[in-house]
Every structure is written in C-alpha cells, then in structure tokens.
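Visitor: The lines below spell out each chain.
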Amino acid sequence: MARYGMVIDTVRCVGCMDCVVACKTENEVPEGLNRDWIAYETRGKHPTLQMEIRTERCNHCDEPPCVTCCPTGASHVEDFGRIVLVTHQECIGCKACLASCPYDARFVHPEGYADKCTFCIHRVKDGLDPACVAVCPTHCMHFGDFDDPNSVVSRLLASRRHHALLVAAGTAPRIFYLD
Amino acid sequence: MDPLSRRRFLKISSATLGLAAGGGALAGAARAVSSSAASTPPTGLQKVPTFCDICFWKCGAIAYVRDGELWKIEGNPDDPLSRGRLCPRGTGGIGAHRDADRLRTPLIRRRNRGDEEWAAVTWDEALGHVAEKMQAIKSRHGPEAVALFSHGIGGNFLKHTLRAYGAINFAAPSFAQCRGPRDVGFHLTFGDGVSSPERTDIRNARCLVLIGSHLGENMHNTQVQEFADAVGNGATVIVVDPRFSIAAGKAKHYLPIKPGTDLALLLAWMHVIVSEKLYDQDYVAQHGFGFEQFAASLVGYTPEWAYPETGIQPEVIRETAREMARYRPATLVHPGRHATWYGDDAQRSRGIALLNALLGSWGRKGGFYVPASMDVPEYPYPPYPTSEKPQVDNPGGRYPFALEAITTGIREATVTGQPYPVKGWFVYATNLIHALPNEAETIRAIQNLDLMVVVDVIPSEIAGWADVVLPESVYLERYDDLNVEWFREPFIALRQPVVESPHDQKPNWWIARELALKLGLGTYYPWRHVEEYLDTRLKGAGLSLAELKTKGIVGGGTPPVFFDEGVAPEFPTPSGKIEFYSLQLQEKGFDPVPRYKKPPEGPPGTFRLLYGRAPVHSFSRTQTNPILHDMMSENAVWVNADVAVRYGLKTGDVVRLKNQDGVVSRPVKVLATERIRPDCVYLVHGFGHTATRLRRAYGKGASDAQLITRYETDPLMGGTGMNVNFVSLEVES
Amino acid sequence: MTELLITRSNHLVDPYVHVWAWQIPVYLFLGGWVAGMMSLAGYFQWQGRHRDRQCTCVLTPWLGVVLLSLGMFALFLDLEHKRYFWRLYTTFEIASPMSWGAWILVVVYPALLAAALVQPPQWLRRAVPATEALASWLESRPALVRAVGLASLVLGLALGIYTGILLSALGARPLWSSAILGPLFLLSGLSSAAAFVHLVARRRDERVFLARADNLFLMLELAAIVLFLIGLATATEAHKQAAGLLLGGPYTAVFWVGVVGLGIAVPLVVQSLAVRHRIQHTPLGPIMVIAGGLALRFVIVYAGQVSHWAPQVAQF
Ligand SMILES: Nc1nc2c(c(=O)[nH]1)N[C@H]1C(S)=C(S)[C@@H](COP(=O)(O)OP(=O)(O)OC[C@H]3O[C@@H](n4cnc5c(=O)[nH]c(N)nc54)[C@H](O)[C@@H]3O)O[C@H]1N2
Ligand SMILES: Nc1nc2c(c(=O)[nH]1)N[C@H]1C(S)=C(S)[C@@H](COP(=O)(O)OP(=O)(O)OC[C@H]3O[C@@H](n4cnc5c(=O)[nH]c(N)nc54)[C@H](O)[C@@H]3O)O[C@H]1N2
Ligand code: SF4
Ligand code: SF4
Ligand code: SF4
Ligand code: SF4
Ligand code: SF4
Ligand SMILES: [Mo]
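Just so you know, the protein sequences line up as chains A, B and C, in that order.
At position 119 of the first sequence (counting the first as 1) the number is 118 in numbering that gives the first Met the number 0, and the numbers step up by one without a gap.
At position 728 of the second sequence (counting the first as 1) the number is 727 in numbering that gives the first Met the number 0, and the numbers step up by one without a gap.
At position 283 of the third sequence (counting the first as 1) the number is 282 in numbering that gives the first Met the number 0, and the numbers step up by one without a gap.
The set of hints was computed from the structure by calculation and includes no laboratory data.
On a predicted model such as this, the values are computed, not experimentally measured, just so you know.
One thing to keep in mind: the hints can contain errors.
In silico lysine to any residue, SDA-like type, Cα no more than 25 Å apart, as pairs [to be verified]:
no., chain 1, residue 1, chain 2, residue 2
1, B, K649, A, E51
2, A, K124, B, Y63
3, B, K257, A, T47
4, A, K44, B, G611
5, A, K44, B, Y63
6, B, K251, C, T1
7, C, K81, A, G31
8, B, K550, A, G31
9, B, K576, B, E586
10, A, K44, B, V644
11, B, K550, A, D125
Throw the hints in and build the complete structure from the sequences for me.
Guide: Shown next, in the form of structure tokens:
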C-alpha cells in the first residue's frame with residue numbers, strides 16, 4: 000500500500016494561507032480551529048534577514064505517538080496510504096493524543112472528539128490532491144506516495160535539499176520542506 | 000482611434016447575426032434560462048461557474064453547492080487568470096454569503112446622518128424615496144449634481160441608470176487612491192497604461208524588481224502565481240521596500256529604502272545603466288524620443304548622490320543596476336499598483352517606466368506583454384442625454400494628465416459647491432471612509448448633500464452615513480455585467496447566481512432598473528431581466544448565455560503578445576515614440592524628465608505610517624467575512640524590534656497611534672520585528688472598523704485610513720499620496 | 000535572533016498546550032494515593048499483620064474505593080466526548096498507558112473490595128451481617144488473605160507507577176519523557192498514604208511505624224526528584240529547557256517551596272524528630288506530605304504541558 004506524505008517547497012511558498020482557507024471550507028473546520036497553519040520564521044537583524052515560510056499540519060508520522068497513546072484505538076493508522084486518522088465515535092476526548100503530538104497538530108472538535116488533518120483522505124481516494132495542495136496558488140505543495148520511488152514527492156526528496164520538523168521528537172514525520 | 004482596437008479578437012464566425020433577428024428568439028431564450036435557474040434541485044452536488052468579486056482581479060471560479068447549501072469555491076481551470084486556483088480571499092469568498100452581519104432590507108435614516116438609526120422599508124418605498132429626491136435635485140441643480148462613486152464591475156448598471164438620468168460625475172478610488180499615478184506615468188512614457196490585470200510578464204522575467212509591490216501579501220492572483228514561477232525558475236528578485244515584505248524574503252537583493260526616496264534610487268539606477276552604456280541601445284534608438292536630453296539630465300544622479308537620500312549603499316545600487324541590465328529585456332521593473340504614496344507619484348512611476356524603457360522590456364518577453372481582448376459589442380441602448388457642464392472633479396483641467404475622474408475632486412466640489420453644487424451621492428461598493436484620505440473632509444462633504452444613497456452588502460462605515468441604504472446580493476447570488484478581459488489570452492467570463500440571497504437583498508441590475516423605472520427612464524431598459532441583456536451582448540459576439548452559463552469562461556485563443564512575436568510596436572504618445580523627454584509635461588510646466596525632491600521628514604519622535612495588504616483580506620470589505628476573519632481577526636502595528644525595546648514594548652503589547660494632527664487610533668497590538676526600518680511603522684489596511692453593526696470586525700485593530708488626515712496631491716493627475724502621515728506610539732497602561 | 004509567527008490559535012494547544020487542567024493532576028494524585036494505600040494494606044495483609052495494622056488495613060481499602068471513584072470522576076469530567084466513555088472498555092490498546100490504566104482499574108476495584116472485606120469496620124458488620132460472615136470465613140483462610148494482600152500490593156504498585164507512566168509515555172513533552180516519573184509518582188503515592196495513616200491511626204505503634212515508612216518514602220522521593228532533574232539536565236536541549244521550567248523558570252518557586260520544601264523536606268525533618276521523640280507527633284507533617292503530593296502532580300502536569308521540543312516562540 001501507499002505511504003502518503005507531502006513535500007513543500009519553501010522557496011515558492013508565500014505564506015498566503017490559501018491552504019488554510021481551503022481546508023476550512025473543504026472540511027468545514029469549525030470557526031476558531033485550524034487543521035493547518037503557517038509558520039513564518041525570520042532570522043537575522045534588519046536588514047540582513049532570512050525568512051522561511053512553512054505551511055504546517057499533522058505530519059502523519061511513521062511512528063505516531065498519538066496513535067500509540069490512544070486508549071480506545073480511535074486514533075489509528077489507516078491502511079489506505081498509512082494516513083493517521085481518528086474515528087470520531089471511538090474517541091472519548093481524553094486528549095492524550097493532543098498532549099503526545101510534538102507538532103500540536105490536533106485539537107478537540109466542538110463535538111468532543113480529537114480532530115486534525117486527514118490528508119483529505121476523501122479526496123485522495125477519489126484520485127484528487129488534498130484541498131490545501133490543490134488550491135495553493137504558488138504550486139509549492141506536493142502530495143504523493145513515498146513508497147513509490149517515481150512519485151513526484153520521492154523524486155523531489157531525492158533531488159533537493161530538505162528538512163523535516165522536530166525530528167528529534169522521534170515521530171518520523173512524513174512532511175518534508177525543500178530548502 | 001483606440002490604438003489597441005486592432006488587438007481585439009473577434010472569436011466568432013457568425014458576426015452577421017442581426018440584432019433585429021435575434022430579438023425575437025432572445026426573449027424566449029432568456030425565459031428558458033431563467034426558468035432553469037429557478038428549478039434548482041435541493042439535493043446533490045452542483046458546480047456553478049462564475050467569477051470572483053472579493054477583489055477586482057475577477058478570477059474565474061467554480062462554486063460548489065451541496066444539498067442546496069453553498070459549500071466551497073474553487074478556481075476554474077479554464078480561466079487564464081486563476082489557472083484553476085483562487086487566492087485565499089477568493090477561496091474564503093463564500094463567507095460573504097454566510098456573513099451574519101449582512102444588510103438584509105433597505106433602510107431609511109431616521110435621525111441624524113451617521114447616527115445609524117434606521118427604519119427598515121420595502122424596496123418600493125426606498126427607491127421611491129430616492130427617485131423623488133433625485134427629481135428634486137435635478138429640477139433645482141440639474142442632473143450633474145448627482146455623483147456616483149463606484150468600484151468594480153457591479154456598478155455598471157447603476158452607472159447606466161445615472162447616465163440616463165443625466166449624471167456625468169462618476170469616480171472610483173481605483174484611480175486617485177490607487178493606480179492612477181502609475182498609469183499616468185506609463186501613459187506619458189509609452190502612450191499606454193499598465194491596465195488591470197497588469198500586463199506584466201512576470202512568469203518569464205529573469206530579473207524582477209519590486210518597488211514596494213508586495214506580491215504574496217498583495218494577492219492579485221495571477222501575479223502571485225507568476226511570481227512563484229519566476230522565483231522557482233531562479234529569477235533574480237530585487238525588492239525595494241522599507242519593510243521586509245514576503246517578497247523580500249524571496250529576494251536576492253533586499254534594499255531597505257528610506258520611505259519616499261524611490262525616485263532617487265531609480266535615477267541612480269538609470270545613471271548607472273546609461274553611463275555604463277548597459278541599456279538596450281537598439282531599442283532606445285529605434286523607439287526612443289528625447290533620449291539625449293534625458294541622458295544629460297541624469298548626470299548628477301550618481302549612486303553616491305543617492306546613498307544619503309535612500310540609505311542604499313552605492314555598491315548595491317551599481318550591482319543591482321548591472322544585474323537588471325544583464326537580464327534585459329527579460330528584466331521587469333514592476334510598475335506597482337497602489338502608487339499613491341507621496342504626491343510625486345506620477346513622476347516616480349515615469350521613472351519606473353523609463354527604467355523599463357532603458358531595459359527594453361516594454362513589449363518584450365519577461366517584461367510587458369501587449370494584451371488583447373475579445374470583441375463583445377455593448378448593448379444597443381438609446382443615447383444618453385448630454386451635458387453642457389464639465390465634470391466637477393477636475394475643474395479647468397487643474398490636473399492636466401488625469402486619465403479618469405478624481406474621487407477627492409468630487410468630494411471637494413461637494414464641500415465648496417464649485418464649479419457647481421453636488422447634492423446627491425450614490426456610493427456603490429466603495430467604503431469611502433476607509434478608501435479616501437481625510438475622513439473628516441469626506442464627512443463634511445456628506446453633510447452638504449440632499450441625498451446620500453449607499454448600495455452595500457454589509458453595514459459598512461460609509462453605509463452608516465447614508466440617508467438610504469440599499470442591501471445588495473453578494474456576487475454569489477447575482478448576475479453582473481460580462482467580464483471582457485484584456486489579457487495575454489483574451490476571454491469572456493460570466494458571473495451568475497450560485498445560491499439565492501438569504502433575505503431581501505437584490506442584485507445591482509435589479510436595483511438600477513427599478514430605479515430607472517421610478518425615474519421614468521424605462522426606455523433605457525429594453526430588457527426586463529439581466530439574462531436578456533447578457534444574451535444580447537453574447538449573441539453579438541456569436542456566443543450565448545446558455546454556453547457561458549455552463550462554461551463560465553470562453554477563451555479567445557493565444558494571440559501573439561510580444562513585439563518579437565509579431566506585434567507591431569506602437570507608442571501612442573504625441574511623438575509616437577517612447578518619450579524619454581516629455582514635451583507634453585514641459586508644456587504644462589512640469590519636469591519633462593523626472594527630478595528628485597526630498598520628501599519632508601516627520602516631527603521628531605514620530606514614525607512614518609505605512610500600510611499595505613494582508614493576503615487574507617481585501618481592503619475594508621472582508622473583515623466580517625466569517626472565514627477570512629478567522630484567518631486574521633485584527634491587524635497589528637509593525638514596530639522595529641530595537642525601537643520596541645526603546646519603548647519597552649514587546650509583541651502583543653497594546654498601543655495607540657497618534658498622528659501629527661492629534662488623531663488617535665484604536666488600541667492595536669504591537670508586532671515587534673526586525674522586518675521593518677526603525678523610521679516607520681506599518682499597518683495592514685482595512686481594520687479598525689467603527690461601524691457598530693459590523694459585529695465581528697467592530698473595534699478590532701487600528702485603521703490606517705483614520706490616521707491619514709494629510710495627503711499630498713499629485714499635480715499631474717490629482718492622485719492622493721497617503722504615505723505622508725507620521726504617528727507616535729502611545730503606550731497603553 | 001529568530002522571530003517565529005504562527006497563524007494557528009487552536010484552543011487547548013495554543014499558545015502552549017493546556018489540554019489538562021485540575022482534573023488530571025487530581026486524578027493522578029488520587030490514583031497515586033490510593034495506590035499507596037493499597038500497597039500498604041496489601042503488604043500488611045500479605046504479611047498476615049493486618050490485625051495489628053488496624054487503621055491501614057481497615058480504613059484505607061474502603062477509603063481507597065471512595066478516593067479512586069472521586070479520581071475516576073475527575074478523569075471523567077475531563078473527557079471531551081463523555082458519552083463515548085465506554086469505548087475504553089471495548090478494546091485493549093497494548094501500547095497505550097491510558098488503556099492499561101483503564102483496565103488496571105477494572106481489577107483494582109475488586110481487589111480493593113476484597114481487601115476491604117478482610118476486615119470490614121464494625122458498623123458495617125452490624126449493618127450487613129453477610130460482611131461479618133464473609134470476614135470470619137476469610138479469617139479462617141490465611142492463605143486467601145495473603146493472596147488478597149499480594150494482589151493489592153502488586154496492583155497498588157502497578158497503579159502507582161501507571162500514574163507516572165501515563166505522562167512519561169507522551170513523548171511530545173520533554174519534561175515528562177523520563178523513566179523516573181513512574182517511580183516518583185509511586186513513591187509520592189506511598190508517602191501520601193503512609194502520611195494519611197500516620198495522621199489518623201489511633202494505635203501508637205502503627206503511627207510510629209508508618210511515620211518511619213513515610214520518612215523512608217520521602218527520602219526515596221527526594222532521590223527520585225534529583226535523578227529526574229539530572230536526567231533531564233543531561234539530555235537534549237529540549238529536555239534541558241524543560242528542566243529549566245523547574246530550575247529557574249515559572250514553576251521553580253512552587254516546585255522548590257511547595258513540593259520539595261513544604262511537601263518533603265520539612266515533614267521529613269518534623270517526622271524524623273517525632274519518631275526520635277525529640278518532638279511530639281503533629282498532624283502538620285502528614286498534612287504537608289499529602290498537600291505536597293497534590294502539588295507535585297499539579298506542577299508536573301502543568302509544567303510538562305508548557306515544555307516543548309520546539310524552541311519557545313511568540314505566537315501572534
Ligand atoms: N488608507 C488607505 N486607503 C486606501 C488604500 C489603503 O491601502 N489605505 N487602498 C486604496 C486602494 S489601492 C484601493 S483600490 C481602494 C479600495 O477602496 P474600496 O473599493 O472602497 O474598498 P473597501 O474599503 O473594501 O470598500 C468596499 C465596500 O464595498 C462593499 N461591498 C463589497 N462587496 C460588495 C458588493 O458585492 N456589492 C456592493 N454594493 N457593495 C459591496 C464593502 O462592504 C465595502 O463597504 O482604497 C484605496 N484607499
Ligand atoms: N490580499 C490583498 N491583495 C490585494 C489587495 C487587497 O486588498 N488584499 N488589493 C489589491 C489592490 S487594488 C492593490 S492597488 C494592490 C496594492 O498592493 P501593491 O501595489 O503591491 O502595494 P502598495 O499598497 O502600494 O504598497 C505596500 C508596500 O509598499 C511598501 N512601501 C511603503 N512605502 C514605501 C516607499 O516609500 N517605498 C517603497 N519602495 N515601498 C514602500 C510597504 O512596506 C508595503 O510593502 O494590492 C492588490 N492586492
Ligand atoms: S497556499 Fe501555498 S503559498 Fe499559500 S501559504 Fe499555503 S502553501 Fe504557502
Ligand atoms: S503529527 Fe502529531 S497528530 Fe500527526 S501523526 Fe504525528 S504525532 Fe500524530
Ligand atoms: S482524545 Fe480520542 S483519539 Fe485522542 S487519545 Fe483520547 S480517545 Fe484517542
Ligand atoms: S490535507 Fe486536507 S485536511 Fe489536511 S491540511 Fe490539507 S486540506 Fe486540511
Ligand atoms: S485575486 Fe483573489 S480575491 Fe481577487 S478575484 Fe482572484 S481569487 Fe478573487
Ligand atoms: Mo487598488
């Protein structure tokens with residue numbers, strides 16, 4: 000089976016938040032909550048500055064602590080694409096998964112269950128890119144299968160310098176940022 | 000002669016389709032379309048093509064309706080502007096439909112202007128009242144005393160009604176508060192403007208120079224997409240901005256210029272390029288006029304001279320100039336858009352135009368393309384009444400190079416009654432309180448009126464000053480006029496209703512038509528439903544409304560757009576050439592070549608107030624949109640990190656800004672950042688709403704417009720330079 | 000200098016994680032305390048000494064049932080999706096300490112009840128004659144009593160350690176990612192339990208014995224705290240930053256004064272003097288120990304949520 004992930008080109012990203020808005024409307028994310036977000040990181044002293052802009056979300060980690068800590072199995076790794084999901088009706092809202100995610104990618108949906116990015120599995124199953132990827136006006140986001148060496152994401156990783164976030168936390172994240 | 004008319008592309012074969020012949024079939028066709036629109040199935044997924052109206056870029060879009068509810072909106076892949084991807088504001092545009100703060104019914108003022116006390120009335124009452132007042136104004140002052148401020152395509156039908164009534168004063172803030180100086184500067188140089196969408200070939204630029212154009216925050220969609228392409232292709236980006244903008248973060252060279260000194264930098268660049276003979280000599284020789292005089296005028300403007308003015312090191316000026324020359328003609332010095340900064344803006348824009356001329360980028364790949372459009376005849380209306388009177392905004396051609404009417408000119412005439420009184424204002428889709436400088440002056444003008452009508456979708460600040468407020472359906476709920484676009488790939492786009500208006504809101508065409516009927520101007524509305532109008536125009540182009548309704552967009556192919564592709568170079572200036580030296584300017588007593596003047600400094604202890612865009616908002620119109628509000632609910636004042644330390648401020652602390660005239664802003668959070676020079680502060684425009692009925696947005700953040708009490712008028716064209724205000728930081732205890 | 004702006008403002012995780020408020024420290028404290036009580040009572044029952052350890056073995060199991068239920072209730076209050084609570088018991092997630100905890104409770108309750116029934120209090124014997132009968136039946140089967148005691152002891156230790164592992168298994172919070180947290184919480188639970196018996200026991204020998212035991216637990220707890228901090232301070236940058244929360248950050252005062260000073264050191268001194276007959280036994284020491292145990296859970300839960308793998312940043 001596939002192992003889906005993202006490769007995001009920070010050179011192109013302008014931090015416009017379109018990916019955030021698209022996720023909101025596509026997934027009807029409630030007001031005040033976000034499945035994805037933007038980080039603007041600026042280093043240096045005026046005027047010698049460097050800025051990296053990243054669109055961030057659940058990394059669908061290969062070693063997801065949010066899944067291991069879940070007492071009900073609500074948080075799980077889906078066979079389809081190794082996507083990390085929450086089954087709403089199994090979640091008791093204990094928030095262990097929120098506390099266990101180094102990326103703070105999760106939130107509690109107003110209805111009570113833990114929620115987060117689903118990699119838009121409903122779209123991916125239809126052969127579409129996730130909403131955030133499909134909307135991005137700078138085409139800086141790429142979604143695909145890391146198990147397939149010929150996928151766009153695999154080829155981008157093979158060809159360009161990249162980094163992932165908080166690798167020290169040991170969760171083996173599956174979103175990579177091209178430098 | 001319209002020099003560009005030969006660039007219009009007639010898509011059709013059946014141009015012979017007679018209007019008389021079409022007339023009979025038309026009514027039937029229109030009825031068919033309207034009945035199909037009425038029988039909207041309530042379940043399942045529908046995709047309705049339309050185009051976006053959250054800003055004026057007009058991206059083609061496809062709206063999704065799920066079980067009768069508006070779900071989401073995406074870019075139309077057939078649309079050359081959006082290439083299937085909207086900007087964040089467009090994606091969040093559906094929030095405009097859902098906004099709980101929307102105007103719901105027509106309102107008539109009950110007490111004093113600005114008190115925001117209203118009586119809800121029927122459309123019949125409201126329009127009857129408006130028509131009555133208009134007739135009174137006409138009989139006392141003539142129809143010229145009614146003016147229209149309108150911004151965007153939605154104003155077309157209202158403009159038509161007012162023209163029929165006899166009005167002649169129509170203005171939009173998009174000229175004197177926005178791109179006017181730029182277009183004038185380019186017109187004076189190339190004989191043609193930059194237009195909207197800008198004719199910039201960003202995607203092919205190998206060197207892109209952005210002077211304040213903060214692409215990435217300024218989200219004009221195509222520009223941003225092409226900017227990313229250029230960056231992705233490794234183009235050299237040079238950004239000149241007092242603030243380390245998003246674009247600066249992508250730049251090879253970031254030039255943190257002292258605000259207001261860009262012309263000095265431009266002149267120094269041109270000095271380097273001319274003195275080192277780096278310019279496109281063939282291009283200049285072939286197309287240029289007055290180059291020698293121009294070159295001579297540059298002599299003193301060395302990089303060393305520019306350094307103390309701009310704060311940019313001479314080596315940097317030289318290096319960047321050479322880099323621009325290296326990639327010419329694929330070097331694009333972006334003309335900017337909101338160019339009304341310091342009052343010398345048309346001359347600064349001319350500086351940009353001249354720099355591009357030296358680089359040979361006008362009409363060249365990676366520079367400026369020559370846009371084309373499709374030929375769609377106007378609707379055959381009866382002729383409008385003519386007037387003896389001149390337009391009020393520019394009496395005696397005071398601003399000789401103004402290309403369009405000047406909003407602030409109409410405002411001034413309304414205050415002074417000169418050259419003749421203005422007694423009625425129609426305001427369509429422009430929040431004059433946030434859009435025009437010096438709010439007090441706007442209110443003074445309003446207080447001189449006999450009638451003030453505002454057509455809006457939310458209870459904006461300007462609606463609060465109206466006598467009659469007319470609630471419009473948002474763009475997702477209505478038809479508008481066709482967008483016949485000038486672009487690389489010409490096309491026609493249709494805006495059509497996706498969902499119904501939730502309350503008693505009406506589309507502009509309906510409002511305009513009903514008002515015309517009340518005014519006894521029925522002959523100007525031979526059509527009953529806008530579908531008939533649209534179909535007639537489309538038939539004239541060999542198309543049909545039915546086709547546009549399914550496709551949303553019909554393209555006109557990919558004509559040649561560069562000189563190298565066979566487009567004949569044409570420069571409709573008096574000399575027929577690129578005017579390095581402008582005799583028309585000289586004739587009117589202006590500098591024929593740009594000359595630098597030092598901008599006045601602010602009082603000690605103050606910071607120059609700069610402002611701009613955030614990617615998720617459009618001006619003052621989106622802060623109540625629940626989706627976009629969720630993305631950014633307030634603005635912050637950017638303060639240089641060292642300055643913040645001096646004031647004991649850190650990010651998140653609250654201050655008020657007080658300008659040189661004692662006007663104090665609402666409390667606003669501080670963003671202490673390295674990303675701005677120490678001599679200025681920055682606000683995202685559009686926040687700090689004072690209209691209490693904008694429940695979501697009310698009182699959040701600070702308004703730049705409120706603090707812009709002063710402005711410098713551009714003597715060439717009447718634009719209002721607004722970057723001339725200075726504020727101090729009042730720390731909240 | 001790094002500026003980091005983040006456009007997210009998700010409730011419970013921004014500007015820093017605050018998923019758990021008072022309910023979880025209270026739950027962890029009560030769980031630990033009950034664990035301590037079970038371990039003590041179980042130990043004495045296993046040793047067959049439950050008759051000389053009246054208070055420990057009569058009162059604590061009954062109290063344990065009550066306190067554990069209160070703790071469970073606090074946990075329940077914290078759940079965001081309460082009506083799905085039962086989902087805890089439709090699966091056993093082997094990797095999830097929370098699942099372990101849920102299932103441990105399933106066996107802890109019967110064990111507590113069994114331990115309680117070894118010596119029902121007089122009023123209960125009178126009110127429900129069956130308990131009297133059961134108690135005498137058990138009395139005549141010392142092996143069974145020992146088994147009940149052993150179960151109590153083992154489950155008590157497991158429960159106590161679990162309260163710490165619950166946090167330490169959540170790798171995302173460096174302050175919690177320490178193997179010492181389980182033993183530390185167990186020791187704190189034991190000390191609170193011993194302190195409680197010390198506080199209420201009427202028999203002097205029981206009181207003195209448990210005061211001694213308490214002192215031992217407190218000393219071990221102190222050692223565990225030292226190991227815990229050394230462990231953090233010698234690990235990665237993120238762990239150092241986390242330790243910094245307790246060693247010179249916002250939680251330093253309450254940690255050193257409340258938890259270590261008033262909750263451990265002072266009672267340790269007071270109780271040491273008391274067992275050496277230098278001063279009278281006072282209820283002050285035990286009360287401080289119990290309060291200190293509660294404070295420990297609060298500090299660790301709250302400070303842990305602030306600790307982060309990413310450098311601390313300003314969110315806007
Ligand atoms: N201080 C300051 N002034 C500026 C600028 C600035 O940055 N700072 N920018 C300048 C520039 S570049 C421009 S282009 C102008 C823009 O100026 P405007 O076009 O006036 O922009 P807004 O302030 O958004 O006002 C738009 C109004 O139209 C209403 N509206 C929105 N949609 C509809 C609709 O569908 N129908 C109707 N009837 N009304 C609608 C909104 O509610 C709002 O009241 O402002 C200029 N003025
Ligand atoms: N998201 C979003 N995008 C928009 C709009 C919107 O409302 N929202 N509006 C659209 C419209 S109509 C317009 S006109 C454009 C406006 O957008 P642009 O034309 O790109 O930018 P401006 O508003 O002119 O200028 C803002 C930038 O100029 C810098 N600046 C200020 N003073 C100076 C100076 O003296 N010199 C230099 N070199 N730079 C300076 C500021 O720091 C800021 O980065 O945006 C368009 N795009
Ligand atoms: S939509 Fe694309 S460019 Fe915009 S912030 Fe998201 S990833 Fe970046
Ligand atoms: S990012 Fe967080 S929520 Fe997503 S899989 Fe990794 S640990 Fe789980
Ligand atoms: S909140 Fe829900 S998904 Fe998260 S750990 Fe608890 S039960 Fe599992
Ligand atoms: S993949 Fe889907 S759910 Fe995840 S952030 Fe993108 S749009 Fe949201
Ligand atoms: S640029 Fe954005 S807001 Fe403007 S029309 Fe296009 S999608 Fe709409
Ligand atoms: Mo504009």
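Visitor: Each hint should be assessed against the structure and marked as holding or not.
Guide: Hints and how they fare:
1. K649(B) to E51(A): holds (22 Å)
2. K124(A) to Y63(B): holds (19 Å)
3. K257(B) to T47(A): holds (15 Å)
4. K44(A) to G611(B): Given pair K44(A), G611(B) holds - Cα atoms ~22 Å apart, limit 25 Å.
5. K44(A) to Y63(B): violated (46 Å)
6. K251(B) to T1(C): Roughly 20 Å between the alpha carbons, so the hint for K251(B) and T1(C) holds.
7. K81(C) to G31(A): holds (22 Å)
8. K550(B) to G31(A): violated (36 Å)
9. K576(B) to E586(B): holds (17 Å)
10. K44(A) to V644(B): holds (14 Å)
11. K550(B) to D125(A): It holds: about 23 Å lies between the C-alpha atoms, which stays within 25 Å.
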